[in-house]
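*Asks:* Letter by letter, the chains look like this.
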Amino acid sequence: MDKSLSKEPMLEMFIFENLQLLEQLEQTILAHEKERCLENAVINEIFRIMHTIKGAAAMMMYDGISSLAHAIEDLFFYIREFHPDEMDYSKICDIVLEGIDFIKNEIGKLEQDQEADGDSSPFVENIGQYLLQIKEASRNSKLINEAAARPAGHRKKFYISTSKSPPTESIKRYHALIYFTPGCEMENIRAFNLVHKLKDQAEQIDYIPADIIENNDSVEFIRENGFAVIFSTHLQQEAINELFMKEAFIDSLDLRVMEDEEWEIEQLRARNQIVLEEEPSVRNNEVREIGANLHSGSTRQSLISVNVDKLDRLMDMVGELVISETMVAFNPDLRTAAKLDNFHKATRQHRKIINELQDIVMSIRMVPLSMTFQKMNRLVRDMSKKLKKNVELVIIGEETEVDKNIIEHLSDPIMHLIRNAIDHGVESPEKRASLGKSPAARVYLEAKNEGGDVYIIIRDDGAGLNKEKILERARARGLIQKPDSNLSDGEIYSTILLPGFSTCEEISEFSGRGVGMDVVLKNIEEVGGTVLVDSTPGQGTTISLKIPLTLAIINGMRVKVGNSIYILPITSIKESFKAKPDNIIVDPDGNEMLMVRGECYPVLRLHQKFQLKSALKKIAEGIIVIVQNDSGSICLFVDALLGEQQVVVKALPKFIGKIAGISACTLLGDGRACLIIDVANLINPSKG
Amino acid sequence: MKSVLIVDDAMFMRYTLRKILEKNGFLVVGEAENGLLGAQKYGELLPDIVTMDITMPELNGIGAVQLIKQINPQANIVMISAMGQQHLVREAILAGASNFLVKPFSEERVVEVLNSI
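For the record, the sequence lines run as chains A and B. Mind the numbering: the first sequence is residues -5 to 682 in our numbering, read in order. Mind the numbering: the second sequence is residues 823 to 939 in our numbering, read in order.
These are computed hints drawn from the structure, not numbers from a lab. Don't be surprised by glycine CBs; every beta carbon is placed ideally from N, CA and C. Some hints here could point you the wrong way.
Claimed, not checked - Covered, in the sense of this in silico footprint (three residues per stretch, anywhere, with C-beta under 8 Å from a C-beta of chain B), are these stretches of chain A:
1) 236 to 248
2) 552 to 565
Said to hold, decoys possible - Capping the alpha-carbon separation at 20 Å, the derived lysine to aspartate or glutamate pairs in DMTMM-like fashion look like this:
3) B:Lys891 - A:Asp194
4) B:Lys824 - A:Asp194
5) A:Lys240 - B:Glu929
Unchecked claim - Covered stretches of chain B, as calculated for chain A (at least 3 residues, CB under 8 Å):
6) 871 to 880
7) 892 to 906
The following block holds chain B by itself, in its conformation from the complex (with noise of 0.2 Å):
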């Protein structure tokens, strides 16, 4: 079973991705809601796969992938954008992010990304 922790500032979207993921055979690990706090929980769970928002406050997705890379080169990071944050997603795979989801999604879609890792 593939542990993930969830990055993002909104509940609402923590919530409905866990349900999705529980949902799917994934284990979630950790959840926390900006991307210090992201990072410093996959230091503490190194999970498998972590699903990151990128308008966040503290430090934005772009950041902690940042963080997250220097932790672990190999960390899988699924970015979970908005439609129109093109620039910030491409900057977020050239910082180390795998794959990443547009919302609104829908649960296949956030299968089919995590499956792929």
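Same shape as in the complex, but just chain A (with noise of 0.2 Å):
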């Protein structure tokens, strides 16, 4: 590759462009694996996806890579051309998945700028001896059905023997010996070429080798011989030599005018027939057929690629842009304006525009889970071969988008949470033909959206987790404090994901030993997620991912506490109101509770929470905020509902660290920071 070419550039585009091909070639081999067979369409992708891999491979010097591709083009267009009966499907998309593992490795090596180093020759041996293998067991079937479907009337033209006319005197016969640059490739197809040109001003034409295209050793002859042309023509010599080195890649010509009798000579041994090829007659009507599809299927180029670092900048250039148009709306100088009408009006207009642009940016940022889905497949496939479990994988609602952003921390918990439910949770077919239940087992995962949250969820009809054994584990390794009486079904199946803990004895190739499902815990939490984790002994196991939207931006309300201002998230809030002091409830231990519409919920004074100084004392005379969630509902009390904003999320700094009832922070128009309220910590602190 020539250095003077910028490489990072090429080299993103590398990596993208081909880890899109394999993991498209990944898909398909495994939606056609089942049906045990390879439909022509699927053939031609492999070897089409193989091909292009190969040619950038070696554009970029990436033999390893690029000799593998090489190895399965060879295979697939083996296929492809003689449709051998006698292929093992299984043996083969083994060997294309391999090729792509390998292929993905040493891209992964790329991406962390490190060499692709690694060596590819044991599969492609392994791959040419296969095609060995299928030649050797379909040459006997081809040799039969040969000899009975030989094509009659191949037609070919021999350029010689059109050629009956003596010469005239005007005409003359050039002998032309032409050198190839060194290294251009193709030598014979380059003379092919020539000679090709060569026919609309001369005729007779006659080249040394003779066999340039059926031969594949001309190409080497060339490449030390030269190749020889010769042909008569009316042209001058200059004419000639003009025409010949006016063509690409021609290193020396030695062009001369041939005498009579050598010519005689030459005609006598030029009977060894040269041969081109006359071209079928069908084509025309094959390229008018192409030529009617040309306008209806050439609209798709809709789609452009666009780098992952410039879509963050878009985002916290609009994150920016809201929290601005907050500053200059709210701007405390206004306060002392007197009419603002017109203000408000282009205010208005301009926090709309904002919003449209926002949503926009949001929207480009939200990716379908479909990929992180689908790539299970493979692991599925994988470990139920490895294990001899019959499993299969039942993916739901895999078009529901999530955060760009999110998305890469999703993918390897749910591989590990796949993983453990195979290898963990699956019985073997023997013990659940022993059970009643159905020998395949089936491994659910499925994503919905609810509310301002995706949910993730990963079921099998397994086993199920074991109470007892996790409880005895759990306790070994001092990770339960409290009696067992006082914990609950999912207390006790939440500490499989606590740090240190497994309760799988040996260690097997997929799960490892349990350094796995705290680190799920952490991904998760690390986008602002939760774990559950739920079980039926016998009947299987549930884990639920929930996970936000998206992270960057929320709408929020405004509260006043004491002098303090908080954000509450919209989406948690149920509603508001002035509560009256009848339905006020305190039980005797001091805790206040509200009666709403015959409900009783628990308040939380915030300012006490937060241990601020309130004027107010009395609910009745501040106002409650009902928030609530999955896990239930509470009352809060603050003094004053100031509005409601879009806020631009960002995550508090380390060095405050976590505190809790607080999820993140928030700049106000004004400039000053404010807190977000963690709802869900205020109604269960235990959690998270």
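Starting from the two chains in their separate frames, assemble the complex, guided by the hints.
*Replies:* If you want it as structure tokens, here you go:
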């Protein structure tokens, strides 16, 4: 590769495009493996993808990748051209999948700025041997077929034989010896191209070596001895010289006029038939057909790929724009101005446009989960094959969209949970049969939207979690302090998420040694999600990942508590009102409760929770906001509601750490920092 | 300045070719990702030269050459071939391609071929 070309974007594109191709290829293979047959379209696709990868890798001089891709391409070329009957489809799928893995691994190295130095020769050899094997196997049957169906009347055109007329006065016979530029490749085809071009200007064209197309050794011959063409034309020597030299990759040309007797001898020798195949006349029809399709299927180019960094920057900028918009609209200086009707009108318009902009940017960042989900097919396939378990993966709701940044954190946890489900959850086929279950186990992978959250649910119909064993283990490791009777099933199951917990004695190839579950939890918490574990003995385990739709911008309600302002996420607010003193109940411990339409809610005074001074003592003087999440509802007592606004969520600075009841912070219009309340924590302080 | 249309299904290849061509004084007027689109774009843009990959979805390079030659019998098309595609290149030449390049190619070779047209 030429050093002067900038390498960075090229490498990036190489990685991006080829990973995409590999992903596509993997899906295709997995989808067709079950049918135990590869359609022509699929074979073509595999061939084409490998061809593309080979070409790109060769350009970048990744020999390992390119030779492996080449080997697979060869294999599929053979399959495409000869349709061998004796093929082990599962073996072919294995070969391709192994190849995909190798190339992915190499590309992974490139992504991390390492050299793609993996050695693919064992794969290449393996593929070569397999190719030989199927060639061998299909040879016998082919022989019979061939004898029966020899193409009749294969038309050939002999250039020599067309030249019956003797040379007239003005026509001269020329001899040209041509050497091509070393390393220009496919010299034989270059020679063919020359002859082809010469056909317009000359006749009685003869050349050595004669079998340039049929015989691949002709390349070597031309490289060493040059390519000799003999032809008759009325053109002058200079014109011919010019014609040749205009052609690319001609290193040297030796052109001379032939003497008459020389011509005679040469003509005799030339009876050796030099062949240029006549084009079949069918082709014209074909072209017409293709031409008719030209208008129908060609309006597809509506996608572009964009660097994620740019998107992130765009998102940041929009976030800043939202902040600065509030800074303008709620500018403290405006309080002194008298009449602001026009200003408010303008800011409303302004905000509307920003909102739309924000929606668009958000939607750009939303990516369907299907890629992540489809990847699991491969995992399930490999594992069920290795563990000899019959497992079917059922994917539901893969079109559900999640913010791009979040999706990156999901792949590993999902993969780990599915591994666990198959390795530990699902029983062996024999055991399933003895339990009266269907021998084929099912693992469900489901995604759905609920409010501002996305749920990803991994469910299996295996043995379920063993409560006693979990308890015993948790106690042995000192993970539980409370007495058994105080623990709910959910709490017991949740201990498997704690660091240092593992119920499986032996370490298996797939599930590892229990470093996983706490990593799952960590990964999910990193994106602001939660993990719920549920299980029914004998019927299976369900693990739900609850993940926020997006992390970047939320709709918030500004509430005043003492002299401070907090943000409550709008999605968690159920209602707000002024409470009547009669509806307030105080229990013997002094806890306040509020009756709303016959239901009783605990009251939390935010100023007490955050230890602020508030002038308001009586609940009736302030405002009650009922907030809810999936684990319950609670009444928050605040001084006043200040208004709704979009806020850009910023993580709490590292030096502050985690604060109970606070999830993040944001900037207000006047530049003040403001804390965002973690509703889930207020409702259930033991969680998250 | 000669105008060029790049037809290749691999974004990487299109990008590489574009870089080389733009650096050497060619005007890349368009890119297409398969033969059909390539032929269509040819009709719209009528570039001086087309670089044409052979193995592509929808319609391969040879079919595209045939289509383009129907639009303009004088069209200049350079095939971009891989090693081992001799027969396809030959077919492309019979269909009317002016010349060809073999992947992996260097900057000089691309320039030499395109300048010869």
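*Asks:* Does each hint fit the structure? Answer for all of them.
*Replies:* Now the hints, each set against the structure:
1. Given as covered by chain B, the region 236 to 248 of chain A passes the check, having 4 residues with a CB less than 8 Å from a CB of that chain where 3 are the minimum.
2. With 0 residues carrying a beta carbon less than 8 Å from a beta carbon of chain B, the region 552 to 565 of chain A misses the three-residue requirement, and the given coverage is violated.
3. With a C-alpha separation of about 17 Å, the suggested pairing of Lys891 (chain B) with Asp194 (chain A) holds against the 20 Å cut-off.
4. Among the hinted pairs, Lys824 (chain B) with Asp194 (chain A) is inconsistent with the structure: their alpha-carbon atoms are about 25 Å apart, more than 20 Å.
5. Between Lys240 (chain A) and Glu929 (chain B) the alpha-carbon distance is near 19 Å, which keeps this suggested pair within the 20 Å criterion.
6. Chain A is given as covering the region 871 to 880 of chain B, and this holds because 4 residues of the stretch bring a CB closer than 8 Å to a CB of that chain, at least three being needed.
7. For the region 892 to 906 of chain B, the stated coverage by chain A is satisfied: 4 residues place a CB nearer than 8 Å to a CB of that chain, which reaches the threshold of 3.
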